[in-house]
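There are 2 protein chains.
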Amino acid sequence: MSEPSLQPPAAPDFAFRTSHAAGLARLGWFTTPHGTIDTPAFMPVATQGTIKGLSVDEVEEAGGRMMLSNAYHLYLRPGDMIVRGLGGLHAFTRWNGPMLTDSGGFQVFSLAKWRKVTETGVEFRSHLDGSLHQYTPEAVMRIERNLGADVIMQLDELIAGGADHHASRAAMERSLRWLARCCTEFDRLTRDGREAATALVPPDRAPPLFSGSGDADAERIAPPQALFPIVQGGVYPDLRRASVAGILDTAEWHGIAVGGLSVGEAKADMYATIEACEPHLPGDKPRYLMGVGFPDDLIEGMRRGIDLFDCVVPTRMGRHGTAFTPDGTMQVRQSSFRLDRRPLVSDCRCPACTHYDRAYLRHLFASEEMLGLRLLALHNVTFLLRVMEDARAALANDSFATWSDGWLARYRAKGK
Amino acid sequence: MSEPSLQPPAAPDFAFRTSHAAGLARLGWFTTPHGTIDTPAFMPVATQGTIKGLSVDEVEEAGGRMMLSNAYHLYLRPGDMIVRGLGGLHAFTRWNGPMLTDSGGFQVFSLAKWRKVTETGVEFRSHLDGSLHQYTPEAVMRIERNLGADVIMQLDELIAGGADHHASRAAMERSLRWLARCCTEFDRLTRDGREAATALVPPDRAPPLFSGSGDADAERIAPPQALFPIVQGGVYPDLRRASVAGILDTAEWHGIAVGGLSVGEAKADMYATIEACEPHLPGDKPRYLMGVGFPDDLIEGMRRGIDLFDCVVPTRMGRHGTAFTPDGTMQVRQSSFRLDRRPLVSDCRCPACTHYDRAYLRHLFASEEMLGLRLLALHNVTFLLRVMEDARAALANDSFATWSDGWLARYRAKGK
Numbered sequence: 001m002s003e004p005s006l007q008p009p010a011a012p013d014f015a016f017r018t019s020h021a022a023g024l025a026r027l028g029w030f031t032t033p034h035g036t037i038d039t040p041a042f043m044p045v046a047t048q049g050t051i052k053g054l055s056v057d058e059v060e061e062a063g064g065r066m067m068l069s070n071a072y073h074l075y076l077r078p079g080d081m082i083v084r085g086l087g088g089l090h091a092f093t094r095w096n097g098p099m100l101t102d103s104g105g106f107q108v109f110s111l112a113k114w115r116k117v118t119e120t121g122v123e124f125r126s127h128l129d130g131s132l133h134q135y136t137p138e139a140v141m142r143i144e145r146n147l148g149a150d151v152i153m154q155l156d157e158l159i160a161g162g163a164d165h166h167a168s169r170a171a172m173e174r175s176l177r178w179l180a181r182c183c184t185e186f187d188r189l190t191r192d193g194r195e196a197a198t199a200l201v202p203p204d205r206a207p208p209l210f211s212g213s214g215d216a217d218a219e220r221i222a223p224p225q226a227l228f229p230i231v232q233g234g235v236y237p238d239l240r241r242a243s244v245a246g247i248l249d250t251a252e253w254h255g256i257a258v259g260g261l262s263v264g265e266a267k268a269d270m271y272a273t274i275e276a277c278e279p280h281l282p283g284d285k286p287r288y289l290m291g292v293g294f295p296d297d298l299i300e301g302m303r304r305g306i307d308l309f310d311c312v313v314p315t316r317m318g319r320h321g322t323a324f325t326p327d328g329t330m331q332v333r334q335s336s337f338r339l340d341r342r343p344l345v346s347d348c349r350c351p352a353c354t355h356y357d358r359a360y361l362r363h364l365f366a367s368e369e370m371l372g373l374r375l376l377a378l379h380n381v382t383f384l385l386r387v388m389e390d391a392r393a394a395l396a397n398d399s400f401a402t403w404s405d406g407w408l409a410r411y412r413a414k415g416k
Numbered sequence: 001m002s003e004p005s006l007q008p009p010a011a012p013d014f015a016f017r018t019s020h021a022a023g024l025a026r027l028g029w030f031t032t033p034h035g036t037i038d039t040p041a042f043m044p045v046a047t048q049g050t051i052k053g054l055s056v057d058e059v060e061e062a063g064g065r066m067m068l069s070n071a072y073h074l075y076l077r078p079g080d081m082i083v084r085g086l087g088g089l090h091a092f093t094r095w096n097g098p099m100l101t102d103s104g105g106f107q108v109f110s111l112a113k114w115r116k117v118t119e120t121g122v123e124f125r126s127h128l129d130g131s132l133h134q135y136t137p138e139a140v141m142r143i144e145r146n147l148g149a150d151v152i153m154q155l156d157e158l159i160a161g162g163a164d165h166h167a168s169r170a171a172m173e174r175s176l177r178w179l180a181r182c183c184t185e186f187d188r189l190t191r192d193g194r195e196a197a198t199a200l201v202p203p204d205r206a207p208p209l210f211s212g213s214g215d216a217d218a219e220r221i222a223p224p225q226a227l228f229p230i231v232q233g234g235v236y237p238d239l240r241r242a243s244v245a246g247i248l249d250t251a252e253w254h255g256i257a258v259g260g261l262s263v264g265e266a267k268a269d270m271y272a273t274i275e276a277c278e279p280h281l282p283g284d285k286p287r288y289l290m291g292v293g294f295p296d297d298l299i300e301g302m303r304r305g306i307d308l309f310d311c312v313v314p315t316r317m318g319r320h321g322t323a324f325t326p327d328g329t330m331q332v333r334q335s336s337f338r339l340d341r342r343p344l345v346s347d348c349r350c351p352a353c354t355h356y357d358r359a360y361l362r363h364l365f366a367s368e369e370m371l372g373l374r375l376l377a378l379h380n381v382t383f384l385l386r387v388m389e390d391a392r393a394a395l396a397n398d399s400f401a402t403w404s405d406g407w408l409a410r411y412r413a414k415g416k
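Sequence lines, in order, name chains A and B.
If you count the first sequence from 1, position 173 lands on 173 in my numbering, and the numbers rise without skipping.
If you count the second sequence from 1, position 214 lands on 214 in my numbering, and the numbers rise without skipping.
Hints in this document: simulated from the structure, not taken from any laboratory.
Among these hints, one or two may not hold up.
The list makes no distinction among identical chains, and a pair is therefore deemed to hold if it is satisfied within one copy or across any two copies.
For lysine to any residue, the following SDA-like pairs were computed, each having C-alpha atoms within a straight-line distance of at most 20 Å [claimed, not checked]:
| id | residue 1 | residue 2 |
| --- | --- | --- |
| 1 | K414 | A22 |
| 2 | K414 | I256 |
| 3 | K414 | D204 |
| 4 | K414 | P203 |
| 5 | K414 | R205 |
| 6 | K116 | G28 |
| 7 | K113 | D217 |
| 8 | K267 | R17 |
| 9 | K414 | T198 |
| 10 | K285 | D57 |
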């Protein structure tokens, strides 16, 4: 392996340590400028700067410690420069803990009305108003450094699930070239500062924009952030290995992500792909499995050495009336709940389970009442955070293998 | 005035006292089986057993002390007998404070797909599934006594706003006849108990239905409730006077409602109609102005001797992005909020105002995020409850006239 060709800026605000392990699973701490979180951890997703239906207080109460947001969405609305003017993503959303922004590559590929991918980047039309945008590695770095999350993701090239080896290799290799450009631009922004933000004018009598001293030059200094690279390569172990090698050749990193999974491939393929990456990933950095968050996938991921997860599934399923339980998923609209005074999940600590019963939750969904969506989203987020908490406790007391075997067996028993 | 012909049951659980007055406005306490509330009071509306978008904890934290629900909606879904089986409306909704159910006469007249009004009652088709239902005074009493709110409303005949004297008189007189039938059935249910509820079977392993001892006979005993009559008569003072006289001839009451207002008439007509009723209403009972809840109407109502109010407007307007402020209403989607870091209302204690800024609230609405609806509904409910709290404080320290003059002048200044 050659010497890294680019150096990310010194970022003493980031650190990662592990204490206990069980097979590949490990218990650790990830330190960011906005605090330290215990790992393995699940990050609830605030796509547009809010976890759908929930307040930040509720998410924190549920055990959420690190939140994810989406650069594509916030770039289009309200605009990354506006978020920066309002004090950055933490001030904007009132989430004071660690945050991560995804580049939104996935959204560009799945939501944009039209897109053209070249070596330069992605040209696309907004899903909101059809306006034309250039999404290059450099532009994405400028956007994510304006937003100001603790961890920011590179722009990568996404391909359809089931892509062949040739297409997967091409996208993986392009993602590596884009990573190098991200790294260069990240460095440049650290060195030269961000673009001056002079066009933003608050209304009469409103407080000034930008945090801190009000010194426009000082405000251009980018906050300490860690850029994470993304391992690509579809379901092909050789491409995944090549991707990891290329990433480690590019620079030193504070963490590394595995992307391009949970896009329609079989679960076995997803697990096998994580296994193909794992031996090559640095052991002393957090590993983040992007977009994966069904309860069993969290446990299977931890067993394969993953430290960070995110997924919209708890809030999305909650909005559709589906609840996670230790025995699999459960639909709250089912007619047997009409007269069922039991809590949704008997040992769950969330407000839906401690305060209400199944009959009332069913009524809320049958009546299309917003409180139902809220309560079920909160239940599902709490459920996943609790899985992670229990996993960490099992790691700490060296019972992870037994705990995770038992958990998975119970979760999967109903379907058999 | 002749001796009341019917006697409602003894209900020692109800009482009303006043201590301070300013003109017709009075400070008081209304005691119900589920607690005592300070009056004048605004009751947030949980039409389908939930205040749209809000949890009961949030409403209580905002200062809500008495909640209103709707017999028509709960009769159709989930069913009044099911609510009774689940422990009654308080247990079902987890609201432990005083509750009131409206008969849903207004909903029958405005939501039903088809309706036929006769002296017997209203035959209608459900707005949900088109099923046919008989809504008679007796049926409504059975429904409301199954639901179990502290205060229940009579069935009355609703007419369109702007109805002429002849139509208004006919509906008012029919409402009086229906009141007598409500009273008779209310009495009968008190004496003979409610219909046995044997058809409800909870699912396997679920807790038994009905609260208390599990004694099916004991469960038939109706809870202590107060039946409130409703003054009708459109905007015609002579009809309103006749309605009050008829009501007072029918029985003794624990409170009396003024209905048929805020249905499209001019505000001056609404205020004049309250004034036409007021001298004839018993001074020692709470007066409830139905369906009225804009901030200025609350104050104008208090000034005319009203003690209780309800309205869906705070949550409905909140869902549409309109906020109450001391200077009138404000639309949070306005573009000037894009870079406005001020709270929505600077001295408001609600979570939307203490925790977030206008720029973020605007973003939530622009992005159609559920948290925006929640926060604005909570703001508006808090705002109205705060108006009532301030009014009570002004009554207690004998500054109500000055306070309400100042409040109304500021609220109405912007439009001038």
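Okay, the hints, checked on the actual structure:
no.	hint	result
1	K414 x A22	neither (27 Å within a copy, 67 Å between copies)
2	K414 x I256	neither (35 Å within a copy, 56 Å between copies)
3	K414 x D204	between (61 Å within a copy, 17 Å between copies)
4	K414 x P203	between (58 Å within a copy, 18 Å between copies)
5	K414 x R205	between (60 Å within a copy, 18 Å between copies)
6	K116 x G28	neither (41 Å within a copy, 70 Å between copies)
7	K113 x D217	neither (38 Å within a copy, 65 Å between copies)
8	K267 x R17	neither (29 Å within a copy, 68 Å between copies)
9	K414 x T198	neither (59 Å within a copy, 33 Å between copies)
10	K285 x D57	neither (29 Å within a copy, 42 Å between copies)
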